[in-house]
Amino acid sequence: MARHCTVKIFVLLSLFNLSFLVSTNNIEDKAGQFFNSGHTNNWAVLVCTSRFWFNYRHVANTLSVYRSVKRLGIPDSRIVLMLADDMACNHRNPKPATVFSHKNMELNVYGDDVEVDYRGYEVTVENFLRVLTGRLPASTPRSKRLLSDDRSNILIYLTGHGGNGFLKFQDSEEISNVELADAFEQMWQKRRYNELLFIIDTCQGASMYERFYSPNLMALASSQVGEDSLSHQPDLAIGVHLMDRYTFYLLEFLEDIHPSSTTNMNQLFKVCPKSQCVSTPGHRTDLFLRDPGRVLITDFFGSVRKVEITMETINLSSPMEPLPERILSEDRQRETQYYVDQLPVSVIIHQVNTHTHTHTHTHTHTHTHTHTHTHTHTHTCTHTPLPPMFWNMFIL
Amino acid sequence: MVGVPLWWRTTETYRAWLPVNQINELAELQVCLCYRSMAHWTRYVHPVLGYQAGCHLRILNEILARDHSGDDTLSVLHVEADLSLHTLSASPCGSVVVYVIPETSVLLPQGVDVYIGHRRTAVLRMGAPMSVGKNHKQLLAHLEPRITQVVQVMSFSHTDITAALSDRVRLSPGSKESLADSMRSFKSSPGYEITFSLLNPDPKSHRLDWDIEGAVHSYIQPLLTKLAPLANFSIDSQILYYAMLGVNPRFDSSLEAYTLNADSLAHVINPVEARLGSNAASSNPVLNFLLYVPDAHHSPLYIHDHQKQPVASNAFHSPRWGGIMVYNVNDLYGRGETPLPVNININMEKVMGVFLAQLRLMLGVQSSPAPPGFLVEPCGGAGLADWELDRLMWSRTVENVATATTTITSLAQLLDQIGNIVINDNIASQVSSTVTSLQLAVAELEAGNLGFALQYSKEAILASERAFFDPSLLHLLYFPDDQKFAIYIPLFLPMCVPILLSLIKIASEARQRRKLKQSKKD
Chain R
1 MARHCTVKIF VLLSLFNLSF LVSTNNIEDK AGQFFNSGHT NNWAVLVCTS RFWFNYRHVA
61 NTLSVYRSVK RLGIPDSRIV LMLADDMACN HRNPKPATVF SHKNMELNVY GDDVEVDYRG
121 YEVTVENFLR VLTGRLPAST PRSKRLLSDD RSNILIYLTG HGGNGFLKFQ DSEEISNVEL
181 ADAFEQMWQK RRYNELLFII DTCQGASMYE RFYSPNLMAL ASSQVGEDSL SHQPDLAIGV
241 HLMDRYTFYL LEFLEDIHPS STTNMNQLFK VCPKSQCVST PGHRTDLFLR DPGRVLITDF
301 FGSVRKVEIT METINLSSPM EPLPERILSE DRQRETQYYV DQLPVSVIIH QVNTHTHTHT
361 HTHTHTHTHT HTHTHTHTHT CTHTPLPPMF WNMFIL
Chain G
1 MVGVPLWWRT TETYRAWLPV NQINELAELQ VCLCYRSMAH WTRYVHPVLG YQAGCHLRIL
61 NEILARDHSG DDTLSVLHVE ADLSLHTLSA SPCGSVVVYV IPETSVLLPQ GVDVYIGHRR
121 TAVLRMGAPM SVGKNHKQLL AHLEPRITQV VQVMSFSHTD ITAALSDRVR LSPGSKESLA
181 DSMRSFKSSP GYEITFSLLN PDPKSHRLDW DIEGAVHSYI QPLLTKLAPL ANFSIDSQIL
241 YYAMLGVNPR FDSSLEAYTL NADSLAHVIN PVEARLGSNA ASSNPVLNFL LYVPDAHHSP
301 LYIHDHQKQP VASNAFHSPR WGGIMVYNVN DLYGRGETPL PVNININMEK VMGVFLAQLR
361 LMLGVQSSPA PPGFLVEPCG GAGLADWELD RLMWSRTVEN VATATTTITS LAQLLDQIGN
421 IVINDNIASQ VSSTVTSLQL AVAELEAGNL GFALQYSKEA ILASERAFFD PSLLHLLYFP
481 DDQKFAIYIP LFLPMCVPIL LSLIKIASEA RQRRKLKQSK KD
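First to last, the sequence lines map onto chains R and G. Numbered according to this note's numbering, the first sequence terminates at residue 396, and the numbering increases by one at each position without gaps. Numbered according to this note's numbering, the second sequence terminates at residue 522, and the numbering increases by one at each position without gaps.
With the rest of the complex left out, here is chain G (with noise of 0.2 Å):
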């Protein structure tokens, strides 16, 4: 009678609280993303509204009203106000701030109805012109679907985050491109490492030079610091010798180079793959640039399309893992007797142009055609513009916070059913802390703060990893009932069999002594 209970307690796994009931909640989680953007009309627009507080409106005023007679000045007339307006104004993040002027304005060139700088204001050109008797809300309710477009370019439509939750539910997708976007760009990771190699197949013939320190401090750097909220990044470099590319390139007589067709690219990245390392220490998703200069015999090297075009930019990438760029010296050395090997400097500004575009396309910012009538203006030297990290924020913001969500989820499940798992106080923990800073990233997106959901989101993804990969979560012990039986009925049913047999026998004792009680009092 001891011993039972006693055994139950001993054979018993040890199971931390987890709160069921809150992950339950969160498995049925609804969230609202808000924006917060903010239309400024400038006078001419609507003369009793235009003369509304606000320096940046003074300055956009002060511009319009300029006698614009010199045409040269028109063309950069909305990047001077757009450089005007953002020194003074800085927007919160995740907000938008549309500036509305009116359609006869010359601010933006002919056939521009939108202009969206660098950071987060756009310029949006009035439709058709209004009668003066309309008020403040009738503009708004006129102009909405076009503001509405403008945000949605800028900030996220519905497009991008069902994207962003591709891996959760997997919804058909809506085009080609959105397939295309998902597969190549990299899931949300707390960190990612970078990979800058310079391949030099013919070490006899070239000695390269590369500035890449200097290179990614001035060019790359100021994008990954952008970036810093999102994830960490580390980079690092490496010139390879004598790696080759696994293709033989072709000779076209007609260019007097020799080619790559699109087709022999996918089997480029192979056989040197094998010869890139990668940092032993860390799980994080690795990006590749790789630099190839082709050996004296296979100069020029060019790169053609499926059209049997040569490529500008003479790189091509490849999704999740990285780019390659074919960079030409043939022309760095006359065709005379040049002592070898020559010296070659490789110029970085155009290698990292490449590198840049590539590294924004595996980053995720997406660089879909913009509507038409719209003007973007490129990113330049900064490598992002801030509504661009606006974008990525909020897509990154939805897939922390699903993925977050599922991690969490499927561990509740997985805990519920297999019973034999311990569970100890460190995950119990960090499963708390999961459903706390989820519950706090939902708040930060409803009221529109992208920064703080951002970092909350963040913390959730983290926790509800350490908790799913914890390596004591390992159910081995696969008991299934059939065997458990097996396992104790030789132990006790020899045991049983006198305790049954004696308890029987003081049942019938029992029994008798109550029936000659019984025949005694009759």
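Looking at chain R on its own, in the form it has when it is part of the complex (with noise of 0.2 Å):
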């Protein structure tokens, strides 16, 4: 089990002593708005789990989610969007690469500027714990890596099937609460978050954040143990429902909600009671360590930069100096190469050296970059057959 409540002090000793001080909210309470929320960049993490036509709406979910994350300003490089199956280009979808939220079809949310990071059976647990826990191979691109750091704030939705203490991904394996709870651990042991909010929106939500024991973590579900989440907005001419309640009223009230607003968490608790949801949410906020009634909806959902004026400039006297003349000259030194200049294509086709030419080609390369390389490779061709020819070949 992965309850452990050790917590190691590194106690660090320098010349001069340090003294704890013990003052926690003066400051915070004098300061602006810079430092009330401590982070400085904001994350979102928002999977689909879901296969098939029917689970048309989680993908609706989550793709709504995205558009008001998007809306209220993160971008695009700092959201990883995993969606585990296609409806805008599935064979039954009736209105070929759109995505509807609203019944009588309102709302298109996918629209032409929807990144997706993983799609498909890119969508795995394995990945998703990758994600979250950055052990992703060398060869990952920039937009499948969760770059965060110890100043961000992350939102991480998920929807889907669920159980009690599990998530079903691609109908075929499953997250337990557990290792959630561990790969959360290993985020803070890393310090790759701020503070996380965790909403989950399936059947018997609530009891994927029952094993959370990390510190600055809030969690949301759509739905208490035993009860299930249901649907909302049944459309009759694509044929499937197309959200599901908890998420669609949350929608509603994000739509109230712009990039200045300071309404806090203790409204977004209040959102889709028992009589609009039919099931009962649920939250989490014993892990976290302000209070939920001074946290922003918009540290999470938005992405309010902190910004400062610059009041001093260095005053830079020298004249610029020209590029020193290594640079310059390299630069035109360039040779450019032809395509007649490569082997007549009677000796390629029939790999017959007809004579010995040695080819030496420079190649340098000068880049805005720090660094100047340059590479000079130099070929020569004999009478043997095979071989130098497709060398020649790779060159140009």
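To be clear, the hints were calculated from the coordinates, so they are not data collected in a lab. Keep in mind that the hints are not guaranteed to be accurate.
When the alpha-carbon atoms are kept at most 27 Å apart in a straight line, the in silico DSSO-like pairs for lysine-lysine are as follows [what the hints assert, rightly or not]:
no., chain 1, residue 1, chain 2, residue 2
1, G, K517, G, K505
2, G, K187, G, K226
3, R, K144, G, K187
4, G, K350, G, K226
5, R, K103, R, K274
6, R, K168, G, K484
Listing some non-contacts, in silico: residues in chain R with all C-beta distances to chain G over 10 Å [to be verified]:
no., residue
7, D86
8, N90
9, D112
10, Q170
11, V240
12, Y338
13, Y339
14, I349
Quick caveat: nothing in here was measured; it's all calculated off a predicted structure. A virtual CB, placed ideally from N, CA and C, is assigned to each residue, including glycine.
Two chains, each in its own frame: build the complex with the hints.
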């Protein structure tokens, strides 16, 4: 079991004694908005875990949250969107390239600037955990990584089919609440988040946050253990339900939020009461260090930047030096290679070497990078038959 | 009987050996930071002591002894002294040299007690004049608090070290400034990417030309070369057309200009950020510096601070992201009919002055105000003074050591608790090399060799990150014990039933035989 309650305190003594100041809230009360939240950037990880056409509503859920988060300011480079199936181009979609979230096809949440980072079969428990913990192979591009640091607030939204203590991925594997709690603990150990908001819209969703034990986590779920989350918005033309209730009312709530609004988390907890949702939404804030009443919605859903005016400048009195001669002259040495300089076609086809020639190619690369590289390749073709031909074909 | 050990062996996970004891020792690490400082007494402070050897002292004494009748030479005397001093002695990284001059000397301007130059030297003016009878030790004891203060400004103070550890040990912040400083500067990373972007929302009116390569080479490159021991830097530049700010500036008729007030600045960055690219190949943090030339209809554009005063630099920055500067060009073309588009050559000195200041802030070169009575030489074209570099190196080394220590101890804890993770040999070797590098770094810090300590701490942090984030360390197989029983019982229980029954039979037969034997004996 992963529950461990030892906190290792690292004592580093310098020549001077460290004195621990006890004042906690005073500083933050006096300071402005800059210091209230302690985060400098926002990330969002939005995951839809179900396949098949009849789970259209889960994809619509995720895409609607994606739209809201983008509208409130988080850019695509900081959103990891994982959709387990492609509803927009599904052959059962009567309106291809669209995913609607309101009945009567009022709102198309797919549009033309959706950046899906993990699609289809790439959405697995393993990839999800790899994204969270950062243990991705070195070849993973930047857009598929969660490059958060210790001052990032992360929003994690999961939707799909779930049960008591697990969430189903791709209809074939599950992630359990213990694994999720362990993943968050590893994120905390590596300080990959400042604060984390976890929202889950599945049946029995509250069981997924029962096992969390890392600090600074806040969790919301659409239903308690033993309850089912219900769907909403049945559309007769498309033939499936378009949204889930909890997410639908969550999005109605988010429509009123704009980047500079001051609504706090306590209002988010009141979204979708039992009368509207039929299930009882739950939340968990005991691991969260700040008071939820002082946490802004835009701390997680939006990306409000902290800004400081630049007061100082440096007086640069020396005039600009010209670029050193070395760099300039290398530029001029660049040769242009022509297609006709290759071996004649007959030689290539018949693989008969008529004469020996030496190719000397000088490639110079000048980047605006701080280093300049000079590569010089010299190849000699002799009378040996096959390999040199291939070398020549590869050079040019 | 054969099957049980075979089954045990084939189902166990390969775990290479890790130096757990050493890792546990690291958790209770105590690091001693030592700096080297030398105090030199010049003549006139103490007649006896001032005659010590050293050509730098001789030069300083000469300057002091010169006839200072002309007033115009006084103001630059300390600069000249500083220059001549450090051409002679190259003090090693991490050390501080303090020259003590007499109270009445005119080397320093009036009201200034301490002068800190570009390199690692400081000139300290003696306090109240001392009677001749005092010896070396007493003089030193008298001056020690002031020398300590000088060294704290030039090397590190305990607030700096606390700030460097702020993510490991979340202490309550001592002040607003230290919290802002720790949030603003980037965490220690092996590399950074710097991107300079020119935003031209109105290409029909302005044809902009900026010599970014030359400017980077002249102004930014010296700073980055100096920072080379800390991290690798890669620089890109780009020009974006039709990139608007997301905020509408307000027209201020009193100034006849458009203004952006401080509250709306926070919303400027997000719409622009979507259009800035980034290098897909690396995961290094990116610093963005944007130069925005307002379109002809919204020129000139000034930034106002919270007190509604125009900002001199016309620029703002966002912590851990970068900076934006607004460059007004409307005064470069007259009010008459100039043919559009107007060719504009951007004055890179002014622009780079602002970007350099922002870059310094982003990288953690603190610009906390000096204590009263201190005169700190501004860094000028070099971008960074040697003692500022030392400050950065101290805090980075401590940060690296702390981060590597926590990484490796939490990794050991994790691997200890979850028995199902496979530990490959390469991870074990990374962990061992981290432990060695950490021990070496701590030893070098105690000895006061800052350069070596930084190098070892960088190696330690690289190895620890590689070990922690190795893709093979994924614990997917959460097997609670009840599930293990649930898997094995249906397999083994039917097999076990006849085995158990036959064992019972054998045991009862053996007992019967023993009874027979006993009854036979009787």
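Here is what the structure says about each hint:
1. Of the pairs offered as hints, the one joining K517/G and K505/G holds, with about 18 Å between alpha carbons and a cut-off of 27 Å not exceeded.
2. Straight-line distance between C-alpha atoms of K187/G and K226/G comes to about 18 Å, which keeps the hinted pair within the 27 Å bound.
3. Note on K144/R and K187/G: the hinted pairing holds, with a Cα-Cα distance of about 22 Å set against a maximum of 27 Å.
4. Between K350/G and K226/G, the direct Cα distance comes to roughly 22 Å. Compliance with the 27 Å bound is thereby established for this hinted pair.
5. With a C-alpha separation of about 22 Å, the suggested pair K103/R and K274/R falls inside the 27 Å cut-off, and the hint holds.
6. With a C-alpha separation of about 21 Å, the suggested pair K168/R and K484/G falls inside the 27 Å cut-off, and the hint holds.
7. Listed as a non-interface residue, D86/R keeps its Cβ farther than 10 Å from every Cβ of chain G; the least gap is roughly 23 Å.
8. The claim that N90/R lies off the interface holds: its Cβ sits roughly 28 Å from the closest Cβ of chain G, which is beyond the 10 Å cut-off.
9. Residue placement check: D112/R keeps its beta carbon more than 10 Å from all beta carbons of chain G (closest about 14 Å).
10. Its beta-carbon lying about 14 Å from the closest one in chain G, Q170/R satisfies the requirement of being farther than 10 Å from that chain.
11. With 10 Å as the threshold on Cβ separation, the claim that V240/R sits away from chain G holds: the shortest Cβ distance comes to roughly 32 Å.
12. Every CB of chain G is more than 10 Å from the CB of Y338/R (nearest about 29 Å), matching its label as outside the interface.
13. Remark: the non-interface label on Y339/R is consistent with the geometry, its nearest Cβ contact in chain G lying 30 Å away (cut-off 10 Å).
14. With a least beta-carbon separation of about 38 Å from chain G, I349/R lies farther than 10 Å from that chain, consistent with its non-interface assignment.
Hint check: no violations occur; every hint is consistent with the structure.
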